[in-house]
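Visitor: Listed here are the chains, written in short residue letters.
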Amino acid sequence: DAGVTQSPTHLIKTRGQHVTLRCSPISGHKSVSWYQQVLGQGPQFIFQYYEKEERGRGNFPDRFSARQFPNYSSELNVNALLLGDSALYLCASSLSQMNTEAFFGQGTRLTVV
Amino acid sequence: GEDVEQSLFLSVREGDSSVINCTYTDSSSTYLYWYKQEPGAGLQLLTYIFSNMDMKQDQRLTVLLNKKDKHLSLRIADTQTGDSAIYFCAERNSGYALNFGKGTSLLVTP
Chain W
1 DAGVTQSPTH LIKTRGQHVT LRCSPISGHK SVSWYQQVLG QGPQFIFQYY
51 EKEERGRGNF PDRFSARQFP NYSSELNVNA LLLGDSALYL CASSLSQMNT
101 EAFFGQGTRL TVV
Chain U
1001 GEDVEQSLFL SVREGDSSVI NCTYTDSSST YLYWYKQEPG AGLQLLTYIF
1051 SNMDMKQDQR LTVLLNKKDK HLSLRIADTQ TGDSAIYFCA ERNSGYALNF
1101 GKGTSLLVTP
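Order-wise, the sequence lines are chains W and U.
FYI, the numbering for the first sequence is 1 to 113, going by my numbering.
FYI, the numbering for the second sequence is 1001 to 1110, going by my numbering.
Quick caveat, the hints were computed from the structure, so don't treat them as lab data.
All C-beta atoms, glycine included, are put in the ideal place defined by N, C-alpha and C.
Mixed in with the good hints there might be a few duds.
As the list claims (entries may be wrong) - If you want a taste of the chain W side facing chain U, the calculated C-beta under 10 Å gives, among others:
no.: 1; residue: Val4
no.: 2; residue: Lys30
no.: 3; residue: Ser33
no.: 4; residue: Gly40
no.: 5; residue: Gln41
no.: 6; residue: Gly56
no.: 7; residue: Gln97
no.: 8; residue: Ala102
no.: 9; residue: Phe104
Chain U on its own, in the form it takes in the complex (with noise of 0.2 Å):
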């Protein structure tokens, strides 16, 4: 996971938009991904996008990239006390296996 890099904490208050940011270093074409992991558990897969492509909304999600800065970008809108979790950014690199960054903890207070 070292060429994917998350800031490791965010805190926001429910009702709130939440952005959790990531960078890359993979610079040929590529997918990118957030998973989510709640505690004890395994990684659920919440959307995805193409290098080519530029922005991707999906309910409540919406996933912005940057491909000349390499960054990602994750916007849960009207976070609820259930988006608390850690996200994971991850590329998939030229072998198909996914590298992910460390994570960014989500809280999200009442």
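Just chain W, same shape as in the assembly (with noise of 0.2 Å):
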């Protein structure tokens, strides 16, 4: 059984680039979170999609958006891309929205330059 699954593994963007990572979530889970882990911290809270709805937000600036498709899977979109935005991108997922048990991918590493 596929855990969470995120692509790419790694990307290196420059400032003021866009950039789009996907998550997959394990089967049979529908709701997906995305966090941001800076180097030293811990994660920190960006997004929840359950059923394709957004169901919460971190304090992130509007240049971070997501979304989730018909098959659970989510997109997380970074606009102009900061020099600050280099971080390991962190995928969750968990069966319902109350996100009792929340299982993580290997994370997408973005490097902004």
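Two chains, each in its own frame: build the complex with the hints.
Guide: Listed below in structure tokens is the structure:
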């Protein structure tokens, strides 16, 4: 049984560019959450999507957006990249919106130069 | 993660027990979690406890919860070198998101 899969695993972008990160949840899981982990810190909550609707949003600027597709996979989009957006972006899936057991993917390492 | 605090570093000898501590601030009923992160990897869910419980044991892992002091601990019995990693404490907030601490780096020496 596949776990949470994220793509790409690594990428390098230039300041001002746009990036799209992808996540496929565990089969049967309907909730996807996104977290940003800056080096040396704990993950910070960005978004939660459940049944294709945004159910929660963390303290991130409007440059960050996301969506969830009918197959429950999700994309995180970041516009106008800043150097400070360099981080590990983690996706977590859970069965329901209540997020009682959240399982994380391996993450996408984004470097902005 | 500013509502969840952890000590940053712990070093133990192989075979000893490790105890990683965490304090949290949410006073409502919630779930509390321990995750493990190895270098360059994502987070692995180790165990979790509901706030109406005092203790949970799962093989080598024991979680203790002191609700009065809002203190959570993770004890790893017979610590092995493969246990070396960063351990994150997290609480589920009222919006169902996870608030993480900054992580405790555990080093296990032979």
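Visitor: Confirm or reject each hint.
Guide: Verification of the supplied hints:
Because the closest C-beta pair between W/Val4 and chain U is about 8 Å apart, less than 10 Å, the hint holds. Taking 10 Å as the C-beta contact cut-off toward chain U, the hint placing W/Lys30 at the interface is violated, the least distance being around 13 Å. The beta carbon of W/Ser33 comes within 7 Å of a beta carbon in chain U, closer than 10 Å, and the hint placing it at the interface holds. A cut of 10 Å between beta carbons decides the hint on W/Gly40: the least distance to chain U is about 7 Å, and the hint holds.
This hint holds: W/Gln41 has a C-beta 6 Å from the nearest C-beta of chain U, less than the 10 Å allowed. For W/Gly56, the suggested interface contact is upheld, since its CB lies about 5 Å from the closest CB of chain U, less than 10 Å. This hint holds: W/Gln97 has a C-beta 6 Å from the nearest C-beta of chain U, less than the 10 Å allowed. Checking W/Ala102 against chain U by beta carbon gives a least distance of about 6 Å; that is within 10 Å, so the hint holds.
With its C-beta approaching chain U no nearer than about 4 Å, W/Phe104 sits inside the 10 Å limit, and its interface hint holds.
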